[in-house]
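The listed protein sequences derive, respectively, from chains A and B.
Going by the UniProt record's numbering, the first sequence opens with residue 1, and the numbers climb by one from there.
Going by the UniProt record's numbering, the second sequence opens with residue 1, and the numbers climb by one from there.
Think of the hints as simulated: they come from the structure by calculation, not from any bench.
Keep in mind that the hints are not guaranteed to be accurate.
Remember, identical chains collapse to one label, so a pair may be satisfied in a single copy or spanning two.
Stated by the list, open to error - Derived DSBU-like pairs: lysine-lysine, alpha-carbon spacing no greater than 30 Å straight-line:
id, residue 1, residue 2
1, Lys357, Lys173
2, Lys173, Lys42
3, Lys357, Lys42
4, Lys55, Lys357
5, Lys55, Lys463
6, Lys55, Lys42
7, Lys42, Lys489
8, Lys173, Lys489
Protein chains: 2
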Amino acid sequence: MAEFAARHQALLDQAIAAARSRAHFSAYPEAPSGRIYGETAKAEAEAAFAALLGKPFEGGEALVGDERSPFGPALGITYPALPPATLVARAEAAAPAWAEADPAARAGVLLEILHRLNRDSFLMANAVMHTTGQAFVMAFQAGGPHAQDRGLEAVAYAMEELSRVPTTAAWHKPAGRDTLRMDKRFRAVPRGIGLVIGCATFPTWNGYPGLFASLATGNAVIVKPHPAAILPLALTIRTARTVMAEAGFAPDVVQLAPDTPEAPIAEQLATHPAIGIVDFTGGPVFGARLRGLIAGTKPLHTEEAGINPVVLHSTADFAGLCRNLAFSLALYSGQMCTAPQNIFVSATGMDTDQGRKSFDEVAAAIVAALDELLADPARAAGVLGAIQNPGTLTRIAAARRLGRVLRDSAPLPGEARTATPLLVEVLADAEEAWGEERFGPIAFLIRCPDAEAALRLAAQSTKARGAITALVHSTDDAFLARAEAAFAKAGVALSENLTGGVFVNQSAAFSDYHVSGANPAGTSCLTDAAFVTNRFHIAMVRRPPA
Amino acid sequence: MAEFAARHQALLDQAIAAARSRAHFSAYPEAPSGRIYGETAKAEAEAAFAALLGKPFEGGEALVGDERSPFGPALGITYPALPPATLVARAEAAAPAWAEADPAARAGVLLEILHRLNRDSFLMANAVMHTTGQAFVMAFQAGGPHAQDRGLEAVAYAMEELSRVPTTAAWHKPAGRDTLRMDKRFRAVPRGIGLVIGCATFPTWNGYPGLFASLATGNAVIVKPHPAAILPLALTIRTARTVMAEAGFAPDVVQLAPDTPEAPIAEQLATHPAIGIVDFTGGPVFGARLRGLIAGTKPLHTEEAGINPVVLHSTADFAGLCRNLAFSLALYSGQMCTAPQNIFVSATGMDTDQGRKSFDEVAAAIVAALDELLADPARAAGVLGAIQNPGTLTRIAAARRLGRVLRDSAPLPGEARTATPLLVEVLADAEEAWGEERFGPIAFLIRCPDAEAALRLAAQSTKARGAITALVHSTDDAFLARAEAAFAKAGVALSENLTGGVFVNQSAAFSDYHVSGANPAGTSCLTDAAFVTNRFHIAMVRRPPA
Numbered sequence: 001m002a003e004f005a006a007r008h009q010a011l012l013d014q015a016i017a018a019a020r021s022r023a024h025f026s027a028y029p030e031a032p033s034g035r036i037y038g039e040t041a042k043a044e045a046e047a048a049f050a051a052l053l054g055k056p057f058e059g060g061e062a063l064v065g066d067e068r069s070p071f072g073p074a075l076g077i078t079y080p081a082l083p084p085a086t087l088v089a090r091a092e093a094a095a096p097a098w099a100e101a102d103p104a105a106r107a108g109v110l111l112e113i114l115h116r117l118n119r120d121s122f123l124m125a126n127a128v129m130h131t132t133g134q135a136f137v138m139a140f141q142a143g144g145p146h147a148q149d150r151g152l153e154a155v156a157y158a159m160e161e162l163s164r165v166p167t168t169a170a171w172h173k174p175a176g177r178d179t180l181r182m183d184k185r186f187r188a189v190p191r192g193i194g195l196v197i198g199c200a201t202f203p204t205w206n207g208y209p210g211l212f213a214s215l216a217t218g219n220a221v222i223v224k225p226h227p228a229a230i231l232p233l234a235l236t237i238r239t240a241r242t243v244m245a246e247a248g249f250a251p252d253v254v255q256l257a258p259d260t261p262e263a264p265i266a267e268q269l270a271t272h273p274a275i276g277i278v279d280f281t282g283g284p285v286f287g288a289r290l291r292g293l294i295a296g297t298k299p300l301h302t303e304e305a306g307i308n309p310v311v312l313h314s315t316a317d318f319a320g321l322c323r324n325l326a327f328s329l330a331l332y333s334g335q336m337c338t339a340p341q342n343i344f345v346s347a348t349g350m351d352t353d354q355g356r357k358s359f360d361e362v363a364a365a366i367v368a369a370l371d372e373l374l375a376d377p378a379r380a381a382g383v384l385g386a387i388q389n390p391g392t393l394t395r396i397a398a399a400r401r402l403g404r405v406l407r408d409s410a411p412l413p414g415e416a417r418t419a420t421p422l423l424v425e426v427l428a429d430a431e432e433a434w435g436e437e438r439f440g441p442i443a444f445l446i447r448c449p450d451a452e453a454a455l456r457l458a459a460q461s462t463k464a465r466g467a468i469t470a471l472v473h474s475t476d477d478a479f480l481a482r483a484e485a486a487f488a489k490a491g492v493a494l495s496e497n498l499t500g501g502v503f504v505n506q507s508a509a510f511s512d513y514h515v516s517g518a519n520p521a522g523t524s525c526l527t528d529a530a531f532v533t534n535r536f537h538i539a540m541v542r543r544p545p546a
Numbered sequence: 001m002a003e004f005a006a007r008h009q010a011l012l013d014q015a016i017a018a019a020r021s022r023a024h025f026s027a028y029p030e031a032p033s034g035r036i037y038g039e040t041a042k043a044e045a046e047a048a049f050a051a052l053l054g055k056p057f058e059g060g061e062a063l064v065g066d067e068r069s070p071f072g073p074a075l076g077i078t079y080p081a082l083p084p085a086t087l088v089a090r091a092e093a094a095a096p097a098w099a100e101a102d103p104a105a106r107a108g109v110l111l112e113i114l115h116r117l118n119r120d121s122f123l124m125a126n127a128v129m130h131t132t133g134q135a136f137v138m139a140f141q142a143g144g145p146h147a148q149d150r151g152l153e154a155v156a157y158a159m160e161e162l163s164r165v166p167t168t169a170a171w172h173k174p175a176g177r178d179t180l181r182m183d184k185r186f187r188a189v190p191r192g193i194g195l196v197i198g199c200a201t202f203p204t205w206n207g208y209p210g211l212f213a214s215l216a217t218g219n220a221v222i223v224k225p226h227p228a229a230i231l232p233l234a235l236t237i238r239t240a241r242t243v244m245a246e247a248g249f250a251p252d253v254v255q256l257a258p259d260t261p262e263a264p265i266a267e268q269l270a271t272h273p274a275i276g277i278v279d280f281t282g283g284p285v286f287g288a289r290l291r292g293l294i295a296g297t298k299p300l301h302t303e304e305a306g307i308n309p310v311v312l313h314s315t316a317d318f319a320g321l322c323r324n325l326a327f328s329l330a331l332y333s334g335q336m337c338t339a340p341q342n343i344f345v346s347a348t349g350m351d352t353d354q355g356r357k358s359f360d361e362v363a364a365a366i367v368a369a370l371d372e373l374l375a376d377p378a379r380a381a382g383v384l385g386a387i388q389n390p391g392t393l394t395r396i397a398a399a400r401r402l403g404r405v406l407r408d409s410a411p412l413p414g415e416a417r418t419a420t421p422l423l424v425e426v427l428a429d430a431e432e433a434w435g436e437e438r439f440g441p442i443a444f445l446i447r448c449p450d451a452e453a454a455l456r457l458a459a460q461s462t463k464a465r466g467a468i469t470a471l472v473h474s475t476d477d478a479f480l481a482r483a484e485a486a487f488a489k490a491g492v493a494l495s496e497n498l499t500g501g502v503f504v505n506q507s508a509a510f511s512d513y514h515v516s517g518a519n520p521a522g523t524s525c526l527t528d529a530a531f532v533t534n535r536f537h538i539a540m541v542r543r544p545p546a
């Protein structure tokens with residue numbers, strides 16, 4: 001246990017420094033390369049993944065699981081399901097030793113878990129790909145190293161905040177000619193059991209921050225995966241339990257709680273008095289339900305949904321703008337919480353390095369950029385991945401009727417469930433069309449009276465309905481300044497003039513704050529101090545000196 | 001404005017250091033002494049207070065106010081009441097300049113406000129005394145310097161947390177032979193308008209932390225005082241508005257929102273979409289109502305109520321124990337959120353330096369200590385103060401019937417509304433008697449099967465019903481260790497073996513964490529990082545370097 005802490009101390013220090021400087025930092029290599037991960041890693045992971053299929057993940061009584069790859073086959077893996085009361089009882093039995101461990105020792109254990117998860121990133125890539133529908137490279141990066149970085153970031157924040165509480169204080173208060181004296185001791189005490197409710201699209205990337213933040217602050221954790229994406233979290237928890245046991249802790253410090261759509265257990269767990277913290281990633285309907293059920297009696301950290309805006313005012317690189325935006329719309333078929341949905345453009349068009357472009361010319365150029373990006377089916381498959389949920393296809397069909405179809409959605413060849421981006425033109429006042437989240441490869445080009453109205457609508461809809469990212473293109477510093485003020489107030493991270501290899505969808509651990517907590521897209525930020533400070537309280541003892 | 005920051009920088013640095021070390025620190029002298037505050041300060045304050053009586057506090061249309069001194073007369077002061085929509089509109093108009101100001105400049109303004117409030121502590125003492133019923137010295141200390149220290153502490157925490165966010169970062173990510181580059185800017189943005197809902201017993205001590213934390217993090221604030229204790233907060237806000245104007249800000253950065261019991265406005269304000277943060281001190285019934293209404297859509301920091309336990313296991317200073325405990329029971333007639341209510345003692349008594357004392361002997365000794373403390377009517381009046389709310393007398397009458405009266409409550413001579421402590425003996429299983437908060441000078445001596453049962457009941461009731469303080473007396477290190485573990489888990493600050501001049505009721509800014517947030521006594525701690533970190537979010541802008 002102490003060995004793990006010593007082994008990983010330097011990395012933890014680097015992570016803490018990076019979270020403060022917000023400069024680029026990554027602990028885990030993102031390239032799915034044999035030179036980094038071992039020349040046989042990819043093939044071994046494919047074999048290991050194949051060996052998991054069609055059988056129980058581990059033994060147990062009530063086995064559940066009906067995951068189906070968006071690329072085709074059912075996985076046929078089942079997982080032992082335990083009743084909430086049993087999960088809670090086991091967590092409570094395991095919790096005290098974890099709570100009482102030295103925070104540095106806990107951090108060592110967690111970094112060892114992350115280290116082993118990183119080593120197994122190729123297997124995780126297969127698991128993420130065949131549950132979420134992400135294409136392989138994204139499944140590797142977002143499901144593996146980038147998620148691991150987010151986990152490490154959470155540990156770094158937790159250690160920073162825990163370190164602010166002194167362990168002892170000698171309190172000497174002058175009182176006339178006397179001095180009042182107290183010896184005081186302080187200790188960070190975990191809130192209770194953490195519950196992490198996972199999502200179907202980024203089960204590890206969105207799950208690790210809450211998991212590692214709650215663990216680092218001393219809480220046992222129960223992870224309730226989405227029924228469609230159990231495997232990535234089951235692999236995670238298997239690794240975590242192994243390391244826990246090696247470090248001398250009860251494996252039940254971390255437990256998997258799979259369920260089924262027919263008999264969901266998230267509400268029962270979330271409202272259980274022993275659950276002290278809830279982390280949820282998913283839709284706003286269940287998010288609102290959880291907020292109501294919990295009613296402020298325990299911390300609830302959510303990432304729900306948003307309608308991410310793009311405002312096109314002017315550009316010095318129109319071709320780059322269109323290429324960059326097309327990629328953002330197409331990447332993982334718009335199934336990222338950071339993908340743009342609403343592109344606000346003045347009806348009078350925009351100034352560009354190619355001269356003034358009319359609204360229709362802007363529309364045509366974005367469509368052309370999408371068509372070019374997706375012309376080669378193999379490349380298109382690598383960008384788009386597959387559609388995680390069949391319901392998304394229904395949403396696409398409905399969205400076609402909301403305005404003028406500028407570019408229709410179509411499947412790619414092959415057996416995977418796929419859909420290229422749909423782009424629909426609507427008027428600014430058609431808020432019933434663009435004013436709610438339409439998850440998937442659905443975007444609107446919104447004809448606005450002018451660029452100021454475009455900005456105003458983008459900011460207003462962010463505040464009212466939530467957004468996680470915003471993108472603005474302008475060559476006018478004054479317009480950018482107005483955009484910065486408006487989006488800061490609306491609580492959304494703003495990217496400006498992206499025309500190259502950085503995309504609005506991307507949020508880098510240690511540098512980009514993901515979700516603000518200040519609009520309906522979510523209650524918390526990955527990761528800031530507020531994400532960790534309410535996962536523990538400070539216990540105090542004072543007594544007269546001996 | 002910059003001048004205020006420069007003037008107070010050294011004090012702010014000291015306060016930040018003290019909040020980290022938790023050693024004794026106080027910025028504002030607690031002694032109501034002419035040598036410190038000016039030989040004429042006391043008399044001038046009495047005259048100033050008298051001049052406030054019987055007239056409008058300031059001009060305005062709808063005047064409200066019906067404060068009555070628990071020491072006798074109605075104050076006859078009225079205050080202009082504005083509709084919530086007007087208050088919000090004025091706050092929103094004043095907010096942007098305050099939000100955009102440099103945090104250090106804001107802190108300077110706030111420390112200047114605290115400096116002037118300190119200078120006027122004698123006037124505040126009169127205002128607090130004649131609304132809350134606190135005796136003069138407590139009204140001076142708790143209403144003045146101690147409250148000011150709590151306000152300074154909140155500013156210190158806010159400045160610490162704001163300082164962690166860098167203003168810029170140069171992000172350079174290696175990407176093959178290329179480097180991806182982004183220039184990033186970060187800014188802390190206030191959540192919205194802060195609402196502070198005040199209480200009737202410690203309007204400034206409990207109100208200043210939220211007020212100053214929200215202001216320091218850039219939020220405009222509306223303060224809704226309890227109808228029975230408007231004046232202390234009206235004086236506070238008059239000072240704050242004066243300093244705001246001198247510093248070039250709109251006075252409406254801080255506003256008073258008085259209301260009446262007949263037409264309360266707290267709910268309407270708390271649920272207004274423009275209100276971004278709510279701080280509430282008061283009863284658990286309204287606390288639960290607020291939690292349900294707000295349902296996790298904005299941060300809600302509460303201090304509600306608890307049933308503070310005392311566990312008597314053994315002592316090396318029985319006389320000191322009884323004297324200390326009697327003072328804690330009598331101080332401000334038990335109307336402190338930190339006052340003990342439930343004294344758990346084994347039916348077999350306890351070991352003491354005077355030999356084994358039976359349960360009945362312990363009871364008799366505590367009663368005798370109370371009688372001795374209160375024997376001299378002048379001294380008794382100075383300790384007990386007056387009863388803030390007539391309803392407390394009704395509660396005392398009802399509590400007499402809950403068990404065997406060990407010491408009856410009685411009024412002191414004079415016209416003030418007073419009541420000495422009632423001590424009632426009950427059995428451990430009479431949880432319907434001792435298991436809920438009975439606010440005021442009401443305490444139970446609870447006959448437990450043994451000391452372990454006493455500890456178990458104390459900890460269980462803390463977790464279930466909430467407590468802000470706990471006190472244990474024991475000469476057995478193993479028992480103390482068990483108590484420390486149990487009360488840490490139950491989320492209550494523990495004092496051990498208090499026999500001298502420090503009392504369980506006392507919570508010192510910068511050293512004692514007040515309320516844990518981990519049991520029903522409240523959702524937040526005064527003051528830890530979690531108290532300030534959710535009052536702002538971090539806005540980010542990234543763009544390719546020029």
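Against the structure, the hints come out as follows:
1. Lys357 <-> Lys173: neither (73 Å within a copy, 33 Å between copies)
2. Lys173 <-> Lys42: Between copies only: 25 Å across chains, 65 Å inside a chain, cut-off 30 Å.
3. Lys357 <-> Lys42: So Lys357 and Lys42 fail the 30 Å test inside a copy (47 Å) and across (75 Å) alike.
4. Lys55 <-> Lys357: neither (58 Å within a copy, 68 Å between copies)
5. Lys55 <-> Lys463: neither (47 Å within a copy, 44 Å between copies)
6. Lys55 <-> Lys42: For Lys55 and Lys42, only the intra-copy Cα distance (22 Å) is at most 30 Å; the inter-copy one is 83 Å.
7. Lys42 <-> Lys489: Neither: 45 Å inside a chain and 46 Å across chains, both beyond 30 Å.
8. Lys173 <-> Lys489: between (44 Å within a copy, 29 Å between copies)
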